[in-house]
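Trainee: The lines below spell out each chain.
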Amino acid sequence: MIDLYALLLLITLGYIFGQWNERRHFRSINEREQALVNLVTTNSRRPVGELDNISDVLLVTGGAVISVDYFKRIVTGLRNFFGGNMRAYETLVDRARREAILRLKESCPDATQIINLRLETSSIYKGNGNQVGSVEVLAYATAIYTD
Amino acid sequence: MQYHAKLPENNSNVSSEHPLKEFIILLLSSAVVVLIIYGALGLFIDIAVDTISPEMEIAIYEAMAEEESEITLDDDKQPSEKEVLAQNLVSQLSQCVTIPYPIKLTFIDSETPNAFAAPGGEMVLLSGLLKRVQSENGLAFVLAHELAHFKNRDHLRGLGRGVVLMALSVLTTGNSSLSRLMAPVSSLEAAQFSQSRERTADATALDIINCHYGHVSGATEFFETVTKASESLPLMHYFSSHPEAKKRIAAINALSKQKSYQQGQVNKVGW
Amino acid sequence: MFLTNTEEVPGKKIVACFGVVSGSTVRAKHVGRDIMAGVKNIFGGELTGYTELLSEAREQAMERMRDQAEQLGANAIVNVRFSTSSVTAGASEIYIYGTAVTVE
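The listed protein sequences correspond, in order, to chains V, D and X. When we follow the working numbering, the leftmost residue of the first sequence carries the number 1, and every step to the right adds one. When we follow the working numbering, the leftmost residue of the second sequence carries the number 1001, and every step to the right adds one. When we follow the working numbering, the leftmost residue of the third sequence carries the number 2001, and every step to the right adds one.
Do not rely on the hints blindly, as some may be mistaken.
What the hints assert, rightly or not - Below, computed lysine-lysine pairings styled on BS3-like, alpha-carbon distance capped at 27 Å:
1) X:Lys2013 / D:Lys1006
2) X:Lys2012 / D:Lys1006
3) D:Lys1259 / D:Lys1246
4) D:Lys1259 / D:Lys1247
5) D:Lys1131 / D:Lys1006
None of these hints come from the bench; they were simulated from the model. All of these numbers come straight from a predicted model, not from anything done at the bench.
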């Protein structure tokens, strides 16, 4: 019985703090994306339009590791039994990816264009067994500066 | 080519459904699945118990008992007066009920007032029980209750379900937090099953008592002493293997009224 | 909507660019499929349940990416790239991204 109470406590804590964290993170992502919306970003190999006076070309990167909370782990554990969309992990992947791209953009705010954006995922932390505790995304691209 | 600086208004990569809603739906569905699996296995055990003949049960039990030789009984010890009384009572009560094998009484020194039915016709009495009961009739009801378990073969059902419960928990340890979450569901099911068997055994015991004494006085005596001793947490009685003593007393009284069993003199000699 | 994994849509001219759009999904199959896959692991062969899962996840992720491009007013996505990761065992996570453009 003590076991069960501890489990329920972990789930409740996970839910409260996980949701709070997620909402805060999404708000921050939306604000920063809005602030950087004018920075041209594509995953094409060539820049958009014709660029004159290119002063510098740099490889830029950004990464983010976002952890799951206990509530999500339980929900997706149950979901794995029945199958279907893992809603709880969708937000996780979305947050990690957008955060990585944002960090990449924030590392070169003065660039004229960012081209050839690529995303990679990795697995740093694998918890006990096959339970993965986090999503890791690495974004990399080429930043072009003009005079 | 021109660049339009724009962001999508809606995030289509994230579902809008509330996470708690998903959690509750999943939890309820899992509980239903666990109940169905456990219920089906329980039914299977009931069928298996009905097909095991009493001779087979004794044979299996004796084979097991030979291996577990550490359970040696102190034969040299002289049985106490109450123990002799209990032994006689069991053989007298056995005449009122058809049990396919002779019942062997075993006494264990323990303060807990309890008795239980073990496979192979072995009835175990804890000495705490002999100290608590105040009359022969009180003890007779407890013994008759255990005899009813032997008649209904509940000891095998309980054993089988215990094994299934253990096997299920071993199989699901791949996801230990999930199996912990589902454990109350299966134990609730097990407890409810056990309680229903206890109620049946109480009813059978009442018949045995009436057959032996011609009246049912003292049937609720043991439970009355127990109610005073224990006060359990609210809701916890749903998870208990036995119904609440209060409810058992009420059920026994209602049944004896329904069957119009008489009240009579309680035999307090020797207690 | 045109989806290509090349720089341009062949035969069309890109007139406007909207930046990177993406679609992602995490999906799982029910436990029965997982058990069947375990059995299949003994004999070998195609895990049809998981093939199905992969194509379902791919379709859904592509649909989500298309939805984003439509919200921006684009009519083609060029340079589409697929990426996968392993968030949890027994689930398929597909992530697609590309550049939303208007072609004429």
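Trainee: Now, for every hint given, state plainly whether the structure supports it.
Mentor: Now the hints, each set against the structure:
1. X:Lys2013 / D:Lys1006: holds, 21 Å
2. X:Lys2012 / D:Lys1006: holds, 23 Å
3. D:Lys1259 / D:Lys1246: Holds: Lys1259 (chain D) and Lys1246 (chain D) sit about 20 Å apart, inside 27 Å.
4. D:Lys1259 / D:Lys1247: Judged against 27 Å, a Cα distance of about 18 Å means the pair holds.
5. D:Lys1131 / D:Lys1006: violated, 85 Å
Figure legend: structure checked against the earlier numbered hints; the only hint not met is number 5.
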